[in-house]
Every structure is written in C-alpha cells, then in structure tokens.
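S.K.: If you're matching them up, the sequences are chains A and B in order. Position 423 of the first sequence, counting from 1, maps to 423 under this note's numbering, and the rest follow consecutively. Position 69 of the second sequence, counting from 1, maps to 69 under this note's numbering, and the rest follow consecutively.
Heads up, a few of these hints could be off.
Stated by the list, open to error - Over 12 Å on every C-beta distance to chain A, these chain B residues come out as not near it, computed from the model: (1) A76; (2) S95; (3) E97; (4) L101.
To be verified - Derived coverage of chain B by chain A (criterion: at least 3 residues anywhere in the stretch with Cβ under 8 Å from a Cβ of chain A; other residues may be distant): (5) 23 to 33; (6) 56 to 70.
Simulated from the structure, these hints should not be mistaken for laboratory data. We put the beta carbon where it would ideally sit given N, CA and C, even for glycine.
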Amino acid sequence: MIWLKRFLLKLGILKAGNEAFREDLDEEIQSHLDQMIEENIAAGMSSKEARSAALKRFGNVLGVKEDCRASWGVRVWDQSIQALQFAARHFFKNLFTSILSVAVLAMGLGISIAMFAASKAILWDGIGSPNDGRLFMIYWQTASHGIKDVTPEDFRFLKDNLESFESITAFDSDRGSFRNKSTDQYAESYNLQWVSEDFFETLGIKPMHGSGFSSNDSKEELHSSIIISHRLWQKHFNSEVSAIGETAFVGTKPYRIKGVMPSRFSFPIRSDIWIFKDWAARQVDGTPASLKSSVEVCGLLRKGVEIESAKTELETLAAMLVEKNDSHYFDLFKQRMRTIVPAGLESINGEFNAAIFATLVCSILVLAASSANASNLIAARAFKRSYELATRRALGASRLNIVGHVALDAALLAIAGAFLGWIAAAWGCKLMQSLVDSIDKASRHWHFKLDTEVVLFALAATLLATILSSIIPALRATRPDVNTILKDDERTSSSAIMGKLARSMIGFQITISGAMLITAIIISSEIMRVANLPLGVDSKKILLVDIDIRGRGGNESQEATLQFYGEIKRQLEALSYIESAAYTQSNGGLKYRPRMSIRREDVSYGSEEEWPIVLSQWLSRDAFRTYDVEFLAGRDFNQFDRIDTEPVCIVSKTLAKKRWPDEDPIGKRIVQREDGRLYRIIGVVPDILDMKSRRYPEISSQVVYFYYGQKQKLGKRKGFIARSSHGIDQYITPIRTKLAETMPYDAPQIQSFESSLDEELAEVQIFATLFSVFGILLLFKAFTGLYAIMAFAAKDRLKEFGIRIALGAVRTDIIKSAFRNTIFQIIMGIGLGLGIGYVISAIIVGAIFEGTPNTSPFTRPEAYLIAIITILTVSVLATGIPAWKTVSTDPLRALREE
Amino acid sequence: MSINKNDLLQGTLDLLILRVLATGDRHGYSIAKRIEQVSGEIFAIQMGSLYPALHRLKAKAYITSEWGITETKRKAKFYSLTKEGKKYVEAEESSWERFALGMRNVLDNA
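Next up, chain B with everything else stripped away, as it sits in the complex:
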C-alpha cells in the first residue's frame, strides 16, 4: 500500500526531496521517481505537492535550479543542493532519526 501526499507528515516531503538531491542533481520527474523507487513504492509523490515543495525549497535557498539535458536528450530543469541545504538535511536527518526511534520504541514497547 502506498502513502500519498495527504498521509505524509508535514515537512517530510521537503526532507525526502533534499535527501534525494544529496546524492546528485535531479529534475522534478526524476526526484519523484527516485523517492518512489527507494521507498519501495511506499511513497507515491503527487505532482501537486512536488513542484510547490521544490519552489518553496528554492525560495529558502536550500536548492538551486538550472536547465539541462536528460539521459533521453530532453530539456529539463535540474535541482541541486546548496551549502545551506546540505546543513539543513544533516540537521533534519538526525532529528528525524530520533523521531523514528521514539516512534519505534513506543510501537514496540507500549
């Protein structure tokens, strides 16, 4: 069963996008596909939330964008992580891990 946008925790999508971009520059379609792929098809990204999230992150200066050419020789806008973005990911990742651990502990031991 996949989890759509409405079920994702607030702010999770931003972290997912940034984490994916931490491995290299990607365009919007590729970001969505990569999240779906690495989440084992659990997260199905809605485009209605992907693009506003990308623009939100760009406005916050966590990512930048540049037009480039895809593997299929198509023009697309590629997003890359900025220095501020990298710092943000690191901070968010550790707090997310603590959150996940807490959840796990509650689910296992409650």
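This is chain A alone, in the form it adopts within the complex:
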C-alpha cells in the first residue's frame, strides 16, 4: 500500500496549499543556515563573515527551494492551476462563443445519446436477463428463408443432443381466461405460455415473489402451479405477497400461484401466465410429439462457445433429422436449416428494424454534426487568437505550453458541453420512457436507459474532436515562422479557412435536420391518414366480443358449437341497449381477413396460381345488419341457407364491379380454390375495410363473405359483433357480467371497435412520436448551430461592417451579403436533406405499413412543402438575426471593436 501512502502524502501537500509548504521550507532552510552561522561564529568568524560563509557554502537558496517543490510535483500543480485560470479567463472573455459552443455540444450530445438509447433499447436490448447475449431462439429455416416449425419431437432431439447450449427451453403461445375466484366477478382473457420446466432457469430470470418452475420440481407440482405476470398480480391480487400459494382458475382448471414475475419481464411479448407443459414427452396433449407442430425453442449458449460453431452443430443435427427421411422433414431433405435469433428481439420480425436502424444512423450523424459544429466554433476561437499566440511564442513561451493552454481551453468547453449533454440525454431518456409507458396499449416493454459505453464513447469522441480542432490552429499559430502569422490579418488566410469550414457545417446541419424533419412529417401524416381512412362502419357503435372455447375440455359437435354461438348471439340481442348482434371471425372480422383465391365459374386460368386473390370472411346471419350497411343488391343469409343446401356467398361492391364489370353478379357462381366448392352469389354489400389492409383499398375492398351455417368445420374461437345506437364503452362491464352467467370460466375479450383501432396504431404512434420529438429537437439544434456559426462570423466582421456603414453602405445590403454567403449551402442542405429524408421515410413507411410507400414529393407535396418552409424559416432567422444585430451596432463602437 506504499503507493497509496505516497499518493496521500502528495495530496496532503497539494491540499495544504503552496503557502504552507513554502513557509515550512523557508523555516527549515533558515534553521539550517542559522546552525551554519552559529558554528562559523564559534570557529571565530565575525557574524557578518559567518553569515556570508554560510550562504556561500549553502549555495543557491532559491534554486534549492524550487528543486524541493519540484520533488512534490508542486510545480506541475502550479502550472496546471495557472493554465486553468488562463482557460477560465478566456472562457469569460469570449463568453458569447463559449456559451454557444457549450450549448451546441450539449444539444448535439444529448440528442444523439438519447436517440442511440432509443435505438438500442428497441434493436439490441434482450429481455433484461443476465443471460442476454447468450439467449437465442432456434428455428428451422428453409433455403428460401422460410421458417419451419420445430416440433416437440425436434425439441426432445435437440435437448438430448445439442451440446453448444447450456440448456434449451420450449414454449408455445396461447390465450387463456384467468379468474381469482375469491375476488373476481368474471374471468378475463390473457396471453399465456405453455412452457417447459427449465423455461425460467434458461432465461436466467427469477420471479420477484415465490419461485419459478424448476427441473427439481415434481411433475405433480409442475402441473398444478402457474407463474403470473406483475400486471396480473396487481390487477387480480392487489399486489399482495400472500397471492403466492393462492388458487386461481385458468379456464376451468384450478392452479396454485407459484411465482410473480418482475414488472418489466414480458417474454415472449405481452405474456401474463406461464403454465408448465412437458414438451419433451413422447406424447403432448395426447398427440404424438412428432405430429404436434409449432413450438418455440430458446437456448442458452454455453459460455465461450461461438455462435457460428453453435450454428454448425445445429446444421449437423438437422442433417441427422433429414437422414431419418421422416415425412415431416421432407422439406428439409432438399434444403438446409438453421437460424438463430437473439431472444427477446425475434418479436420485432424486421417490422421496425429499418426504422430503428435509420434512427441509429441519424444519431451517429447528429453526434458527428454536433462535434463538427462545436469543433468549428472552437477552431474559429483558436484561429482568432493566432496573433496573440504568435506573439507569446515570439516572446519566448514554449510551443507545448501555448498549445496546452489552447487545448485546455477547448477541453473546458467540451467538458461543460458534455456534462450538460449527459444531463439532457438522461432527461431525454426519462421523457421517452414516460411517453412509451403512457401508451399502455403498446405490447412491447422497452426500457430506455443511458448506456455507459455509449455515453463514454460520445464524450470521448466530442472531447477528441474539440481538442484536436483547437490544437491545429494553435500549432499553426506557433509554427517556427512566427512572422507570417504576425503579418496575417484576421480577414486573410485564417478567416478564409474558417469561412469554408463554417459554410460546409451549415450545409451539413441543414441536411441532417431536413432528413429527420421530412421523415417525422411523413410518418406522422401517414399515421394520420391511415387513422382517418373510412372503414365503412361506425367504429363508435360497434362492440367486439372475442370468445375462445378451446379450453372448455369437451369436443363438442358441430351442432352443439353452433348452438352455443347462437345462444351467445341471443343473449347479446336480449340486452336492451344492443340493437343487433352476430358472430364472425376474431375481432369482428374487422382486424384481419385471410386471403383466398377464387375464380368466376365461367373463367378459366392456365394454373391455379393465376386465380384472383381476394379477402374472405365467414359470418352469421344479421352480420351486415350489425355492421349497419344496406344491401346494394340481393339478400342476406337466411334460415333456408343450410349445410345441405347450395353454398352461397355475398360479395363486396368493389369485387362485384371488378369481376362482373358490366353484369349483375347476383346468381353467378364462384369457385373457391381452398375447398373447390362452387358458391352462388346472393347479395352485394358496400365495401367494409379491415384494419390490417385498409391502407390498400385495392385489395381490402374485394371481399367474399361466406355463411357459418354452411361451414364444414367450425373453429373454437369466434368474434361477436354487437351494435348499439350510441356510445358502446359504457356497456362493456354489464355485457361481461351477463356473459359470465353462461360461461363463468371463459373470458371473452370485449372492447369497442374504436379502442381496437387505437391499439392497432399505438405502436406505430410511438415511432411517430419519437421521430417527431427528434425532428423538432434536431431542428432546434440546427437553429442553434446555424445561429452560432452566423453570429460568430458576423461578430468577426463587426469592424468591417462598421467601416462599410461609415463609408455609406446601406444596412440591408450588408444583410443581403450575409445571406449571399450562405444561400448556396442552405439550398444544397435542403435538397440533400429532403433526398435523404425521402429514402429514410420510404424505408420506414414501407416497413411499418407493409407495402409500396407513397412518400415521394409528387405524392406528398404538402409534407415536403412544410419541411422546406420550416427549414427555410429557421435558416433565415438563424442567418438574419445575427446579421441584423451586427449592422444595428453603432458604427463608432463597431470601429473600436477588436
């Protein structure tokens, strides 16, 4: 610990301050001299001779003192203090540019770090487990990049043979109704996961209360307990720890609550209940494991194992499966498999990747722009000091000393800017988090936080850029031929270099801001446009009731199921506030409709692939009455349409027009490719669009409606629609209570069509909000950066302006000249920015809204016009204000300005 002792000793000296040290040393040397004098007197010298001899013998007292101080590093300390004082003086002497530089740096750093945090949270953050980075989803992938289901048998095979992974777990998503019988009036529907016993151990996340499943638990315990989410615990158990061990119902089966997961845990996305299922067994739910499809597999990579070698091992195992030549592996026989995706991120499915990558690139560009902008200002400050620095050099100051002082000056600005930028970024992250959390309908739980490495990288990059930008002018000013610099007037070479730099910075700033702005405007307007697209039904009056009867246990007959649905329909219709009710696909058939190939009976095609694609929907009687649409021709399904009568269908107006342009479609027949049956058209209805494909009315308005009464095999999951004459939200609870009487263990999902629409757009809304916030902030940053550059340039030319005004120049001419200097960069910046913005927004809109985006200036002139006007206004203000302020200065004061 000697180093610590030494450090503390030195620190003690520095802490004691120079004065105390000096006094002590003076006293010690004086004591030494006094003893020498005393001895000399004792040897017979006079006191004068004794003193003189002692001093001579001692040598250079001042030199000794300096050497002693140097032993403690006091000299370095002194010099550092001096340099700091010098830098502080310079900071305040040039307060205007100092504040501007700090502000530009702080804003740039703050924005870029916050943007990076957002991108990182969405792109790379795993599930918040200590095992993140080692957790991977394992899929079979075909050569054409299609994903092939992993069967429970594959899982067992992998579990037995896969060595690159420490453990692997299987799970499958489902929905289930949950009810705490002691407190809940009715069951509610949640996403549940059927997981293997090592699910939580593999993920490395423990419940916050109770315990997770474990391979040590008995099968009996595993089968009788569940783990619930934090959200569910809050809602159904009032956040009471005593919930552990309590009994709750999932469907009709009672389970013991074994654990409660932490609030931010949601894997796979938006899950609330985790139930054990023995996925590695030979029979799953009574079906051979090889026949049961689709289970998701997540593995924990062994420490030290490279992902590539894990992939190779998986390929080898896949080849072994192929060799079995089992029918399931037929596709794999000619293709290779694999794909490993980091767990927690697979859910993004590339949907937002492009958008977030764009943000990431922008955050790097913003960092570069702000560093370059601040460097530009700092370099300008240093160039302005060329004369002073050259003079100091000419007077004998060392080059290192001068350059050090200038670098310290820049470092002070950079540190101040970095500190404020760091605070701004932390605040920005908090803001984004509260923004995202407030949109509680979004199904993802992103956690925006500052990443230490990123913050340090950004700070280091800024510090380096600013210090370097100050060193270069300082080195130039202190070069050996000082005379050249001393002769160099401020308006000559130094200013010329800065002028070029400043102008390129203006262009760069405007480009970045323009790109972000146009992206934000286009995404926001696209969301607005989509949100306002008419669907053909009144969303405020329609209620969606989704019922899932898969968990009821019985294998009810077709007839019994139909009767059950009919009973629910009658119950809904019996309510006084419900005008009409019907059943159809999930989400009332309004969220998504499956595609289907059909053809006119009298039209033939070369192959089935060429058949026209339309959307399809199955529904009960009264569905169109519930949607509140009038038949344009023909009739609705009725009691005479039965499973044993001729199959019938109803078509939408657009489909009728497209396929029978000059004919009456009623009575015509179509062939459905899926079942090969012929359906006779009995009615034509107006277009009703669904949420998913409403952006593309070309496809979504061509719909064929089929009748449930004629469906060969009924599903166990249905969506009911009900219409009320006015606001439907208030009836949700009474309807739920009423339905609970018939099905106490089933949890219908009930929501108004309007809130379903909001939910659909919620996630996209987050992106739009984030982009808008970034766009506005960047615009503000561009204004500050531009203003800083222009104000500095104007201040630099104050004297020149003074002379020109004194010689009779008109003020407006001088302002015009300021604009002439920057107009080219502004126009170039706008052009480039809009071009880049077009590309980014096309990628993002294409990714989010699935389809060919209409983001060009020709299809969206208003968006581009708004962006151009905004950037032009900002540029004009940032250029004009400093120029106006300068020319408004009294010429006499301007002429005195140094």
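Chain A is already provided as a structure; the job is to place chain B on it using the hints.
M.R.: Below, chain B without anything else, positioned relative to chain A:
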C-alpha cells in the same frame, strides 16, 4: 580530496541519507555533517542536492519529518526512517555491497 555532488553516483546520496537516518533521527544540517564525518571528509554534501533529496525521500514515504529542538536549543526539522525506508535501505545496501565488490574485483584483478 573530497567528492562533490556531481561526482556522486546517481542514487548514492539517497542511500547515504537513509543509512545515516538508520542510526537515529537527524535534521538536515546534522545529516550533511554526519555523512562528511563518517566518509572521512571524502563526501562533501551540497545543500542544493541534500534538501531536494530529503523531500524526494519524504514523497516516497521512506522518511518522515517532525519539528524538534537541537542540542543547541534551536528549532529544526528532524527526519526519521519509516518502515518502508528501512526495507529500502536493507535492499539497497546489499545491492550496493555487491556493486562495490564487483568494482573492487575489477580494479584489483583487471
């Protein structure tokens, strides 16, 4: 003939000071006198190197200092060896002895 500071081997002065302090606490003047005395007036210590050396050793935590009173009732700063200083002296002494022996052998037998 005395040897002044410039002729002393680098680092020798530190060892001389520490060795002198190994026999007891001393102030700067006394250290210089003692070295001169025990070296048989061969080493004449320059004050210009004594005090920086004392401060250097103090900064390295080999010695500490404290104000005290001399035999002549004068206030002076007394230096004493620390535990680390003692260890350092022992190590340096043995390496110096090996160095001296080597020199002696070369001078005698070359």
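S.K.: Run every hint past the structure and note whether it holds.
M.R.: Tested hints:
Look at B:A76: its CB is around 5 Å from the nearest CB on chain A, not clear of 12 Å, so calling it non-interface is violated. In this structure B:S95 is separated from chain A by more than 12 Å, as the shortest Cβ-Cβ distance comes to about 19 Å. The claim that B:E97 lies off the interface holds: its Cβ sits roughly 24 Å from the closest Cβ of chain A, which is beyond the 12 Å cut-off. With a least beta-carbon separation of about 29 Å from chain A, B:L101 lies farther than 12 Å from that chain, consistent with its non-interface assignment.
Closer than 8 Å: that is the beta-carbon criterion, and the stretch 23 to 33 of chain B has 3 residues meeting it against chain A, so the requirement of 3 holds. Using a Cβ-Cβ cut-off of 8 Å, 6 residues of the stretch 56 to 70 of chain B lie near chain A, which meets the minimum of three, so the contact claim holds.
The structure fails to meet hint 1 from the earlier list, while all remaining hints are met.
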